[in-house]
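Chains as they are written, first to last, in the working numbering: chain P, 761 to 881; chain H, 761 to 881; chain V, 761 to 881; chain E, 761 to 881; chain F, 761 to 881; chain Z, 761 to 881; chain U, 761 to 881; chain X, 761 to 881; chain R, 761 to 881; chain C, 761 to 881.
Calculated from the structure, these hints are not laboratory results.
Glycine is no exception: its CB is placed at the ideal position from the N, C-alpha and C atoms.
Treat each hint with caution, since some may be false.
Claimed, not checked - Which stretches of chain F does chain V cover? Using the computed rule of at least three CB atoms under 8 Å from a CB of chain V, they are: (1) 775 to 782; (2) 785 to 795; (3) 814 to 823.
Chain by chain, the residues run as shown.
10 protein chains.
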Amino acid sequence: MPDPKLLECFANPRPGRDFVIEHIAEEFTSVCPKTGHPDFGTVTLRFVPDGLCVELKSFKLYLQSFRNEGIFYEAVTNRIADDLEQAMEPKGMVVETNWKGRGGIRSVIRVSTGDASRLDM
Amino acid sequence: MPDPKLLECFANPRPGRDFVIEHIAEEFTSVCPKTGHPDFGTVTLRFVPDGLCVELKSFKLYLQSFRNEGIFYEAVTNRIADDLEQAMEPKGMVVETNWKGRGGIRSVIRVSTGDASRLDM
Amino acid sequence: MPDPKLLECFANPRPGRDFVIEHIAEEFTSVCPKTGHPDFGTVTLRFVPDGLCVELKSFKLYLQSFRNEGIFYEAVTNRIADDLEQAMEPKGMVVETNWKGRGGIRSVIRVSTGDASRLDM
Amino acid sequence: MPDPKLLECFANPRPGRDFVIEHIAEEFTSVCPKTGHPDFGTVTLRFVPDGLCVELKSFKLYLQSFRNEGIFYEAVTNRIADDLEQAMEPKGMVVETNWKGRGGIRSVIRVSTGDASRLDM
Amino acid sequence: MPDPKLLECFANPRPGRDFVIEHIAEEFTSVCPKTGHPDFGTVTLRFVPDGLCVELKSFKLYLQSFRNEGIFYEAVTNRIADDLEQAMEPKGMVVETNWKGRGGIRSVIRVSTGDASRLDM
Amino acid sequence: MPDPKLLECFANPRPGRDFVIEHIAEEFTSVCPKTGHPDFGTVTLRFVPDGLCVELKSFKLYLQSFRNEGIFYEAVTNRIADDLEQAMEPKGMVVETNWKGRGGIRSVIRVSTGDASRLDM
Amino acid sequence: MPDPKLLECFANPRPGRDFVIEHIAEEFTSVCPKTGHPDFGTVTLRFVPDGLCVELKSFKLYLQSFRNEGIFYEAVTNRIADDLEQAMEPKGMVVETNWKGRGGIRSVIRVSTGDASRLDM
Amino acid sequence: MPDPKLLECFANPRPGRDFVIEHIAEEFTSVCPKTGHPDFGTVTLRFVPDGLCVELKSFKLYLQSFRNEGIFYEAVTNRIADDLEQAMEPKGMVVETNWKGRGGIRSVIRVSTGDASRLDM
Amino acid sequence: MPDPKLLECFANPRPGRDFVIEHIAEEFTSVCPKTGHPDFGTVTLRFVPDGLCVELKSFKLYLQSFRNEGIFYEAVTNRIADDLEQAMEPKGMVVETNWKGRGGIRSVIRVSTGDASRLDM
Amino acid sequence: MPDPKLLECFANPRPGRDFVIEHIAEEFTSVCPKTGHPDFGTVTLRFVPDGLCVELKSFKLYLQSFRNEGIFYEAVTNRIADDLEQAMEPKGMVVETNWKGRGGIRSVIRVSTGDASRLDM
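My request is simple: use the sequences and hints to build the entire structure.
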């Protein structure tokens, strides 16, 4: 079951400067609530930290907690964005999920929060 | 025969936030009305939902309904955009078709509706 | 309906020499007899002609005749090999079909007839 | 000899909406007027139609009419743009030629006419 | 739990001819028995059928049954080979697993049974 | 008109040793005798010289002499092999033509003469 | 131990003109302070020089001085940016580190200083 | 020795229209003045002509004149830009050099002159 | 210092069957004994186990023990082969190292022991 | 002027075992004796050493000595093979040169000496 309490943060090591952190997790899997078949995809997180940065291993464990969860593409993506928003309160953030094809169609969902223009640096 | 009634929608799971949904269907085929030969291409749909999102399997069946239809590249693309516009009324949308070559020339058609700048997030 | 009578041949223009002809058709489509959904794939034909060579446009029309046929991967491949064997009687031949994925699994079927070692030149 | 009368147009099927049409011809050839050696390249046409769209087969025949013409890269590109401008009067257009290398140098020429910013949709 | 009873077979549609069937499942996942972390990889099955062929959807469900099983790379690969050997008794077979990296090292395991030289056609 | 007299040779600079020479001409064009449309392809020549080697610029001019010739794929390939065989009498030779697609099908023709196994070094 | 004194500079050879210098070091390695395992990545430096440019060999030796240093991704990137800022005082600069995956997640960190918009030329 | 007098120009064939000319020379070599070892790279020139365009063969000979010159990356790039600026006086121009790696670091230098925004068409 | 005692083995889980295990370590680094500069490369180990298989994490730690060792390409490769030969006594084994370029030249070293033909399955 | 005396060797560090050494030099240049224009290519050396191995830096300097030499493709390749044969007397060797295109044709020359089958390990 997706568990936001798995997310741990550390203090931004360079709080006086805007910079971009990107984590790309290519081995995400959850379950389609309609068919029961597994879904596979890549989760990309990109953000400008304010006071806190998500710790990498805790982020991995958090993503693994979706492994047997029945949840749609759109819901996964918004949920990850909401949980990270609450944990880190970044200045700007994008969460993108990129799903392997099902029945000849593959999908991408992209959510941004805060001031996403800061990510263009 | 292309049938827009095949398109089913579900309620936007996160109505208070702009986000982007992209579906890429790499196995589209219709028929050239001039020569009778099949055309093959990729259909890409990208939109920011308002109240409704197109359901993925219904979108696949809708695209399959073009299989034996004689229709030109430009007409296919505008028709898909019109049918989705009517079904979902998204805040912004782009429909792009990317066709395999015929006689050494390959083509791309791109239609946008609504406020397409919202897709740049 | 697959129609072998569509296959036309022309006389081998260089009958005294072994040489290899390969045709790669990247836009093959048929229908899954179980689900009714379309299948998409590439058909590769490679042969050493004896007295006859299949004419390219007739081969294209023959492949198009599978468009609305419900037929399994293994049967398509063996059927194409049988029809070409009967039409051309080549010295050696390989027919390979390479199918786009369904449910996360993609497949390849390869059939050879006659003396396939002649194709290694 | 390049012949603009080969260009045929059909009425824009969706005149009330801006959309982009792109044709990519990867098998263009003309002749270098200086050395007499053939030049090979790709011609890309991208435009927003106003009242007329160039018909695909007529565009192919028009491009083939350059086959034995001695003409420089810059002149080919501007000539194609001028002929299409006159035939279609599009709202905006880009013509780009991308030439295979000669003596270790390859070249790209890009011409735009009308309001090219409409192509950014 | 891996369940070989999920494997269903159908009769070889062309028993009098040697031919090759290859299924490539790019979305395999199991669990490392040592660390509890998920492993991800691709399973490739290639065989010359004798009397029976594994049915594609049943093969998918069989592979999904490893999802929460703690099992090493070498054991997964040999187990899949053993289960398919018992279910189909093919004339020759190769099972290969190709694993995404862990700690900077990625691995491939390849098992063959029967007369694997028949797969070289 | 294809003109074998354009082929010039120079003496093998190292006659006492078997070695392989390969020339890859990616800009070949001729004309389809049936439709009158141009064909485009790559010609690859690979040989072990005996007493003579074809001179590179003369080979280019020879290939250019096919530019406006109406000739089928199989005939082009065998003709180039025959002309080079007569001009150089190599110990072993392969001529391969690789054609861009027409109507969704692309083709490869491969002819070998002499002792082609010498090319495997 | 990272040693900024290794950085040597030379006078900008064209001080009256804005231009961009980019150095891409694909063989960077440091050590994870948590696990003690080595990290591997690419460091990209892009800047518009003011009066000084970093000398290439000294930059290599400076990067090598991180080889056995235990330091996190975010700290490495900010430290390199700070040391170069102090050594060169460029008009604008971006430092990006691109790390190979650990546990299925790979990361990118990007820091900019000064007027980074000058880099867009 | 680099020799700007090698650069010859011809009159812009379409002076009333802004268009972009790009020449990419992938076989540039000069010598490192410090180590005496050869440097290899690609030179890209992109410009909007005013009254004059550089002639392609003279540009090749000009680049070859750097072959045995000891000169740094930054100086090569600015020198080429200065010589072309003086020869053609283009409306806008970018010269970019892209160097193969030395000691694990590869470099890119980019210089623009005039109104480079005209190149964005 | 390279330490073969770091290598741990586990019993072959399927001793009665020949199968191939391949581990690809893309993040190997050692030091050039001549220049003191770091070398970077990929180590590929491929073997048919007899009674023992090298444990993956111990193999990683063993490779890390070369990090600060001054040792030539040829010596690294033979040493890894010797240490694994002694630890596992495989039926056949290949060790290949693939080094990033130095001064424009990159190198590959390949050592095999035992009956390497067993690896061709 | 090509100078074989630049080639230095060191003693084979593992004389009792056949193994393969491969050096790939991607930045080779010489001059066409006919046109005076520079030629660019890649030189690949692959050998099984007997008593001696060519030292890498001396091999680089030897290749650089061809920089301003007018010499044909076939002669370069045979000359490098002869010089290395004399310097090292390897058990088996292949020298391959791979040249960038001239006039739309690119070439590969491959020479082997001694027992080249030993390189297949």
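Hint-by-hint comparison with the structure:
As drawn, the segment 775 to 782 of chain F meets chain V at 6 residues by the rule of a beta-carbon pair under 8 Å; at three or more, the given contact holds. Check result for the segment 785 to 795 of chain F against chain V: holds, 3 residues qualifying (beta carbon to beta carbon below 8 Å, three or more required). Residues of the segment 814 to 823 of chain F with a Cβ under 8 Å from some Cβ of chain V number 4, which satisfies the need for three, so the listed coverage holds.
Consistency note: the structure conflicts with none of the earlier hints.
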